[in-house]
Amino acid sequence: MKKTFSQSELKEIVKKYCPIVSLRVRKSLGTHIPDWEDVVNEIMVNTLEKIKSGKFRGDSSIGTFIYTITSRRIVDFIRKKNKVLQYAPEPSSFPAPNKNIESKERSKFIAKYLKNLQPKYREIIYLYYYKELTRQEVAKKIGIPPRRVSERANYARKLLKKMMKK
Amino acid sequence: MNFKYMAKVMRKHKYEKLIDDYLLNNLNKEKEEEFEQHYFNCPSCFKKLKDREEFISIIKHTPDLFFHDLNLKNKSKKELFFKRISTLLSPKQWAAATLSAALLIIVIFNILPNIKTPSSQFSLDSNEVRGRSIAIISDTAPNELKWKSMGENIEYNISIYDNQLIWEETTSENSISLPDEVYAQMTPGVKYFWQVKAYSQEGTLIAKTSKVQLMLVNK
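Which chain is which? The protein sequence lines are A and B, in order.
Note that the first sequence covers residues 1 to 166 in this note's numbering.
Note that the second sequence covers residues 167 to 385 in this note's numbering.
No lab work stands behind these hints, which were simulated from the structure alone.
Positions of the beta carbon are idealized from the N, C-alpha and C atoms, including for glycine.
Hints are not guaranteed to be accurate.
List time: in silico DSS-like cross-link candidates among lysine-lysine, alpha-carbon distance up to 27 Å [unchecked claim]:
no.	chain 1	residue 1	chain 2	residue 2
1	A	K55	A	K80
2	B	K213	A	K162
3	B	K314	B	K213
4	A	K112	B	K226
5	B	K216	A	K112
Covered stretches of chain A, as calculated for chain B (at least 3 residues, CB under 8 Å) [said to hold, decoys possible]:
no.	stretch
6	37-43
7	60-69
8	104-115
Derived contacts from chain A toward chain B, CB cut-off under 7 Å, selection only [stated by the list, open to error]:
no.	residue
9	D76
10	P119
11	K120
12	Y121
13	E123
14	Y129
15	K131
16	Q136
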């Protein structure tokens, strides 16, 4: 069955899925690849074209439909890059915080509270998120059972959220 | 009780647990794709994922702000051991543990001297590296693991796992010999994994390999 969308529905789709597609692209390519934003735009344009020409028939959810387009485009991009570079891609480093003012403000805001967290919780955040040690390694380093590592990391983030809400 | 609702909540919970592993590249390809397809369809998981991404990214890019005063010297092994053991068991469990340890000692001293441990060797049956930047050079020589050097002043952290971490060591060389204590812990025919992480002089993680299979084979 062919599904038609009104202009405002299409706008909604772009608004909703652009951040999702962005995260997926950033995660796969890394923000050090300057054209990552172009890739996102291409995917969104491509999605709209496909929807308008009736290629989205509603067999799957719109989310899955866009997910498939995104995955294909990322694979294409990496393949093309590799042909030029002739070697395997570098691992994507962790995406840099967005450069716009709003998110800069936000990272300052989070940083302010993170600083005030007890050392016990900052330590786990440092080892687990910054150093990227596995749960077992973190457990060994600070002397708690591995299952407690995620618990403590979750609790640290919860505390942070609570502090920020005050 | 609405079972459909419960199932939905449980499924959500399952995906929430994957957020950290997804962002830190610890999922296998299959799980990664499953999770990606999920967050394209689940606004609540995506919101959490996006917040976590932002959180990790702030930590990664301005670590000096938060961690400069942490005393991260390794605690002594003894201290760690007692701390871990003491949080693990209740007094009752302690009594039971002591009793079984005594029994075990009797068994070991009576039987063990009669058994010879077989000699063994390592074989690597996979040297696949998925787009990560340290290439592992598959090594046929027993007792030594090697990886591609990433240059001067790099520290490598090597870990061996079964389900849990069984051994780790840090070196600045691009190979390492396995001590006998590691052999003693490993069972022939069981799949183990090893992984190398590379750190810069300042302690920043530069690269890590995927977990590569490792197996002990009887001669």
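### Violated constraints from the hint list, given by number and in increasing order
Hints 3, 6, 9, 11 and 12 contradicted; others consistent.
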